[in-house]
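Taken in order, these protein sequences are the chains called A and B.
Under our numbering, residues 1 to 376 are what the first sequence spells out, in order.
Under our numbering, residues 377 to 752 are what the second sequence spells out, in order.
Careful, some of the hints might be misleading.
[Unchecked claim] Okay, the calculated beta carbon distance ranges per label pair: (1) A:H348 x B:V675: 54 to 60 Å; (2) B:G685 x A:R156: 53 to 59 Å; (3) A:S333 x B:D732: 16 to 22 Å; (4) B:G701 x A:E265: 39 to 45 Å; (5) B:R592 x A:E353: 40 to 46 Å; (6) A:V161 x B:G701: 49 to 55 Å; (7) B:G516 x A:G309: 22 to 28 Å.
In short, the hints are calculated from the structure, not lab data.
The structure displayed is predicted, hence computed values, not measured ones.
Idealized CB from N, CA, C, for every residue including glycine.
Protein chains: 2
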Amino acid sequence: EFLRLFHTEAEEPGATAVKGVAARAASFEERLAEVRDEIARTGTYVHTSAELTFGARVAWRQSARCIGRLYWRSLHLRDRRHVVAPDEVAAECVGHVDEATRRGRIRSTITVFAPDTPTSPGPRVWNEQLIRYAGYRTGGRVLGDPRYVGFTDHARTLGWVPPSPMGRFDVLPLVVSGGGSFAAQGPQIYEIPPEKVLEVDLEHPDHRWFADLGLRWHALPVISNMRLDIGGVSYPAAPFNGWYMATEIGARNLADAERYDMLAEVAGKMGLDTSNDRTMWRDRAAVELTLAVQHSFDVAGVSMADHHGESARFLRHLEREEQSGRKCPVDWSWIVPPISGGLTPVFHRYYDEPTDTGPMFRMDPVQAARGQGCPM
Amino acid sequence: EFLRLFHTEAEEPGATAVKGVAARAASFEERLAEVRDEIARTGTYVHTSAELTFGARVAWRQSARCIGRLYWRSLHLRDRRHVVAPDEVAAECVGHVDEATRRGRIRSTITVFAPDTPTSPGPRVWNEQLIRYAGYRTGGRVLGDPRYVGFTDHARTLGWVPPSPMGRFDVLPLVVSGGGSFAAQGPQIYEIPPEKVLEVDLEHPDHRWFADLGLRWHALPVISNMRLDIGGVSYPAAPFNGWYMATEIGARNLADAERYDMLAEVAGKMGLDTSNDRTMWRDRAAVELTLAVQHSFDVAGVSMADHHGESARFLRHLEREEQSGRKCPVDWSWIVPPISGGLTPVFHRYYDEPTDTGPMFRMDPVQAARGQGCPM
Ligand code: HEM
Ligand code: HEM
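Chain A extracted, bound-state conformation (with noise of 0.2 Å):
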């Protein structure tokens, strides 16, 4: 286990030198002698802040799976090593939504809470995103976001109150269990202030009555459960956040059968023949949702991709990291946009695989879970 950690981190106070981030002027082997050093008397070491910027956007920079990565250097550290309180972390967490969200300019940011140790774990953020919809099971049907009916369920048991009466759009508590002795007292609930939370009501440029379909959605994405590793170190909640690419919420989170499932009704709106998959009703309203996202994002001011520009700012990302000698790990199924995938030009090649080593965000299958209403 130590040798494993040894070699890990071997390498990557080096690159953090290498670069030329690190702000001191240690040299590599003095780092690296350092580090032995301090593994050899804790068992871990502790992150300089300049590696611990570093490593947060080189593992952006190696998500095989984001489109977006063509900043990863403009990235914005909140470091809070030192917060393992459920009610710090909490507080914490609504701080970054309030950093991240300025108004509608996003700002990408993580913030990276205590790391698990040989002696005592990080806290643990139990929501996929910081916000979210809760989804009520009503009869047959689900009132809000289905994804999330067990994550509701969960949170109600801890003693979550819906608002009253319940909404398609009602955003969920964080759950935080605590790091260091706290971890026993288990999850917490705490609720966001709502006015922290930017939201963005959603209408059609051409469509009148789209509005009246009372559609919106909340401005920033926020993963929240996924550990970020770095060098041996593992910081088990460090939520993250970009901006959102139009077709996620508008070809996905809206339309996708199994989330708020708003095609057929877009679609009846429209006049569409929904008796037969030839009309392509499907696929015309899954254009107007998202174009409808777009523009209400876009007339609101809040940073929003769109899936054209995007790809092509990905490709320019690819040639710099090709020019800078680095492979750039790539999952296709995930870069390629849910809609008009042939239309963009990330369709079109092939990638290099993606990475397993280096810096990292990783899923915890429990993390995985619990973002799903597991109470365990």
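Dock chain B with the ligands against the given chain A, drawing on the hints supplied.
Below, chain B with the ligands without anything else, positioned relative to chain A:
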């Protein structure tokens, strides 16, 4: 070499017998002994009819990029293994087009020509598909299909005379080289009689102006430059066809920037703002193009799959293969359609890896280059 050949074929006749496809009573052991003996004498062996039919069907079943595999058992075999002369190959290709088209009730068909043997090469078809449209360089632009500019040039150096005036949809001639002693003659050209080539004029169910674009497409997609490998015997010319899926034409052949590049023109006629990607004009135009293709083929009574139905059928195929205890190799990036990927159920799952063993359609690098016009 011989050993590998021997090793490879060892299973195939067995598989045939096991599946009960072989009409004759020979046991696996008898057949195996026979094949060994034949290989010892001649350096190769001759498939029985049943083996060839079964092998071709399994090659389809194993095509990781093909979404149409549910009906793999229905593939119709035209056994032309005695044919090596280029005139006859060309005539049989025309016969294939005729028999498979059936005025629109398309039948999945493969014509197998003479194999490569240790003493004598089989014939080759140079075209990527039996029916494709010429591309002519005219100043800076291309008239017709830009993909076939090189192939068109090559056909002209072989003596092909394009129709006058040249058009956007001129069917290319067959370019065929014979097998055996004919191989030395090099490639020959043959026109396909126009009355054998069924084509569909494209119109849109809602937009009258669409027909004025003068678009059309051929009914029958016959891939003709892939090699069919079965049990160590290799057939370099084995053109096969299914029917089209609308997205192949509407969202790729007519839409791709390197093909007919029609999106901007269609969007213009639709009155969309093409100055900004965020109006989703590409997305809308691609859907309407695909719809026009689907509608026109349906009206003309020509077999055509749609991506929604075909995705569902493909999942049925996966289930059946699983029930049969077989793996089903899948290349996600080819199975997911070029528009509305996320709206089809094939998008939302993982698959078995593509395979490289067993009966297979393979692309030779040389044949691939020839399909693009390389004269070597
Ligand atoms: C700046 C704007 C950004 C854009 C437009 C963007 C876009 C995307 C998109 C479209 C996906 C696929 C999501 C899905 O299909 O569910 C994705 C996945 C991902 N992105 Fe980004 N991203 C951005 C910023 C970031 C940042 C700042 C990080 C980390 C520091 C990041 C890390 C990831 C990871 C780890 C995934 C995979 C998530 C998973 O496996 O569920 N992205 N991104
Ligand atoms: C019956 C209706 C069929 C449908 C709807 C169908 C559909 C498709 C589609 C949509 C593709 C992807 C094409 C592309 O993106 O360029 C494909 C590829 C393929 N199909 Fe099928 N197919 C059918 C029949 C067949 C048959 C009869 C065979 C062989 C006997 C076959 C073998 C293949 C192969 C080998 C590929 C990959 C071609 C390549 O690598 O370029 N398919 N099919």
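Verification of the supplied hints:
| no. | hint | result |
| --- | --- | --- |
| 1 | A:H348 x B:V675: 54 to 60 Å | violated, 31 Å |
| 2 | B:G685 x A:R156: 53 to 59 Å | violated, 41 Å |
| 3 | A:S333 x B:D732: 16 to 22 Å | holds, 21 Å |
| 4 | B:G701 x A:E265: 39 to 45 Å | holds, 42 Å |
| 5 | B:R592 x A:E353: 40 to 46 Å | holds, 41 Å |
| 6 | A:V161 x B:G701: 49 to 55 Å | holds, 51 Å |
| 7 | B:G516 x A:G309: 22 to 28 Å | holds, 27 Å |
Hint compliance for this structure: hints 1 and 2 are broken, all remaining hints hold.
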